Amino acid sequence: MNVFGMTVPAGFELATSIAIIIVKIAVIVAVTMLHVLYATYFERKVIGHMQVRLGPMRVGYHGILQPFADGIKLFFKEDVVPAEADKTVFKIAPIIPVFATLSAVAVIPFFDGFVIANINVGLLYLFAMSSLAAYGVIMAGWASNSKYSFLGGLRSSAQVISYEVPMGLSLVGVMLLSGSLNLTEIVKAQQQYWFGMYLIPQFLGYFVFMVSAFAETNRTPFDLPEAESELVAGYFVEYSGMRFAFYYAAEYIGMIVMSCVAVICFWGGWTLPPVLVDAVPALAAVPGIVWFLAKVYFHVFLYYWVRATVPRYRYDQLMSLGWKVLLPLALANIVVTSVVKFFAGS
Amino acid sequence: MLPKIFFGYFAIAMVVLSLLIITRRNPVHSVLWMLVLFFHIAGLYLLLNAEFLAAVQVILYAGAILVLFLFVIMMLNLKEEISGERFEGAWPLGVSVSAIIFVLMLLTTGDFVHGPVGKYTIEVIKSETHAKALGKLLYTEYLFPFEIASLILLIAIVGAIVLAKRRS
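Residue numbers (my numbering), protein chains in the order written: chain L, 466 to 811; chain H, 2 to 169.
It should be emphasised that the hints constitute simulated quantities derived from the structure, not laboratory data.
Worth double-checking, as some hints may not be accurate.
[Said to hold, decoys possible] Which bits of chain L does chain H cover? Going by a derived footprint, with three or more residues having C-beta under 8 Å, they are:
1. 482-492
2. 597-609
[As the list claims (entries may be wrong)] Part of the chain H face toward chain L, derived, beta carbon under 8 Å:
3. V37
4. L45
5. L48
6. A56
7. G64
8. L71
9. E129
10. H131
What you are looking at is a predicted structure, and each value in this text was computed from that prediction instead of being measured.
C-beta atoms are modelled at their ideal positions from N, C-alpha and C, and glycine is treated no differently.
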């Protein structure tokens, strides 16, 4: 076994590989949390400029230190627990979504070979983790013992369960084409096309996936769980200080994870279209993480763009969109993909 | 050695968690302990190299079915549930029947015979990946039982819709 050119002495292989994994986890968690901090800043700036405002300007140059100021403020705020709340559940609830979304990052390959856990059922693992995030919402809604939180919690759980179905089915097309559930394999399988991504053969799947991803992360136009005009803030009305910040962080990590999945499954991950690399060979020298992050940032920008553009859906419209439009579209996509693959393969 | 430690942990934790589930006064707490239990079951599947089953266990049971459980429980009158007795009067009978079954199982463990090794050894599954091996078997050898199971589920869905429609 070799680490950075040094040979590991016999008997220390297991300890070394565990140490490497721990270092990787520390790096990825730190980088993800930094991304979360600046995703909030990016969002406020983007939406500010779209609404002809400046956004945060006070802390540092053009408000560049604003996320740190917010973080310090939230950290020192009083942690209020309602008297009639179920105390244990109330305190555990915010940890679950952060834990679930951060665990999802473990299987995401950022560039060739850099992934904490290269498991064979990577895509299913991502679904499992994203479905767990709903517990944080339901538990918060129930444990707060307040009408607004409870309604928000119920809305959110119904929404997340409904949209998980089309989201899962929209990725079946990708599984069919790549023949694998391993995220690294899925990225590599996309190199068979000259355009190097599943975006074109799977445009229907991509559309369904993106709409469902917006609903899964409770973002506008599907942010009914927190609909501030009717439910104050939905399931986390009663939360303050750090526990409130946990929900905020989980939402942003969720957005980043969904963007990563979209990039890996439809945009070719860290690779570039082969036709582009053939035309400009110098591009092959650029590290894959650059392309990966550029694609992820575009998707995060997409979230803000949509938020600044479209109004919120009504609840019955949300449900009928999920079950009557997205689900049949995803199923049709599976049928078409299987038929095409069957005849093209034989 | 390592797998044995993991198995011991999962087995003991699952028994403790099951006891916690049935003894909680608050049904919502029971369901939350059940969530932890489902994770341990998924862990056991992982120990058996059944990664697909482990993932599906978390997605379906923890992610969907348990959330529906929570929905139903939230519609109950929780105050009544919490103040009432946790167990029915017949619980000593239940405990003694399960104790007898437990003793019977202990007595028969001595006669345990290891079954013949099938086609799907751990090496085969590792090279073919678990999802692929399972999928192939389900859609070829076990297609008929698989279709029957899906038909039963479909009937349940239709039944639920009929019940919901009649009321309005």
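Here is what the structure says about each hint:
Residue count for the stretch 482-492 of chain L with a Cβ under 8 Å from a Cβ of chain H: 0. That is fewer than the three needed, and the coverage hint is violated. Coverage of a stretch by a chain is defined here by at least three residues with a beta carbon nearer than 8 Å to that chain's beta carbons; for the stretch 597-609 of chain L and chain H the count is 6, and the condition holds. The beta carbon of V37 (chain H) is not positioned within 8 Å of any beta carbon in chain L (closest approach about 11 Å), and the interface hint is therefore violated. Hint status for L45 (chain H): violated, given a least beta-carbon distance of 15 Å to chain L, over 8 Å.
The interface hint given for L48 (chain H) is violated, since its Cβ lies 15 Å from the closest Cβ of chain L, which is over the 8 Å cut-off. With a cut of 8 Å, the hint placing A56 (chain H) at the interface with chain L holds, because the nearest CB-to-CB distance is about 4 Å. Because the closest C-beta pair between G64 (chain H) and chain L is about 3 Å apart, less than 8 Å, the hint holds. Here the hint on L71 (chain H) is kept, as its CB sits about 6 Å from the closest CB of chain L, short of 8 Å.
Using the Cβ-Cβ criterion of 8 Å, the hint placing E129 (chain H) at the interface with chain L is not satisfied: the shortest such distance is roughly 10 Å. Annotation: interface hint on H131 (chain H) holds; nearest CB of chain L at approximately 7 Å, less than 8 Å.
Violated hints, in rising order: 1, 3, 4, 5, 9; the structure is consistent with all others.
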